[in-house]
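Just so you know, we're using the working numbering here: the sequence shown kicks off at 61 and counts up by one.
Taking CB as the label site, the calculated pair distances span:
| no. | residue 1 | residue 2 | range |
| --- | --- | --- | --- |
| 1 | Ala73 | Val96 | 30 to 38 Å |
| 2 | Arg157 | Gln79 | 49 to 57 Å |
| 3 | Arg157 | His178 | 36 to 44 Å |
| 4 | Arg92 | Leu200 | 15 to 23 Å |
| 5 | Val96 | Leu189 | 16 to 24 Å |
| 6 | Ala186 | Ala73 | 33 to 41 Å |
| 7 | Ala152 | Asn97 | 26 to 34 Å |
| 8 | Lys203 | Arg113 | 24 to 32 Å |
In silico SDA-like cross-links for lysine to any residue, where the CA-CA straight-line distance does not exceed 25 Å:
| no. | residue 1 | residue 2 |
| --- | --- | --- |
| 9 | Lys142 | Arg115 |
| 10 | Lys203 | Ala91 |
| 11 | Lys203 | Asp180 |
| 12 | Lys203 | Asp107 |
| 13 | Lys136 | Ser117 |
| 14 | Lys136 | Ala151 |
| 15 | Lys203 | Gly177 |
| 16 | Lys203 | Gln86 |
| 17 | Lys142 | Ala152 |
| 18 | Lys136 | Trp103 |
| 19 | Lys142 | Pro165 |
| 20 | Lys142 | Glu128 |
| 21 | Lys136 | Asp107 |
| 22 | Lys136 | Ser124 |
| 23 | Lys136 | Ile174 |
| 24 | Lys142 | Ser94 |
| 25 | Lys142 | Ser130 |
| 26 | Lys203 | Thr76 |
Just so you know, the hints here were simulated from the structure itself, not pulled from any lab data. Even glycine gets a Cβ: it sits at the ideal position worked out from N, Cα and C.
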Amino acid sequence: MTSPDGSTPTHHAEPTVLQAALTHLQCLLVARRSRVNPEGVNWHQYDVLELLRARGSMRPSELSDVLEVSRQTTSKALRVLKDLNLVAQVAAGEDRRELSTSLTPEGHLFLARIARGHHDVGRLAASVLTEGESALFAELCEKVAAAMESDQVR
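All chains should be modelled from the sequences, with the hints used to inform the complete structure.
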């Protein structure tokens, strides 16, 4: 059977129980993330904010190096974060072209709100899982996360 554009449609196998459960959980987590992140901060921008929280003020070149992304990618992220008033930049050192980037008070509040969202999800999970199930779930999540991280390297 061909589709209206003349191509043969591909048949996808039904998802396994595991695939369906992972997809459902991912959809719920993304929906919850959207509720606590109405600004629409993306993953890379969030990484920049977390790095600034952990290390304090940094130059854009340092952010790029630590996050292993291009300077252009970091510049784009910083423009958005500045527009959202989550970071501020000031001239640093004698070379006035060099900028120091830091979190604003609004940036700290944003990260605190996101942390509360993470805490709420953890508390919800703990309320429906036994202590043993929680430990096993955490172990299995770490196992899958490690496999996904090693797959990204390939």
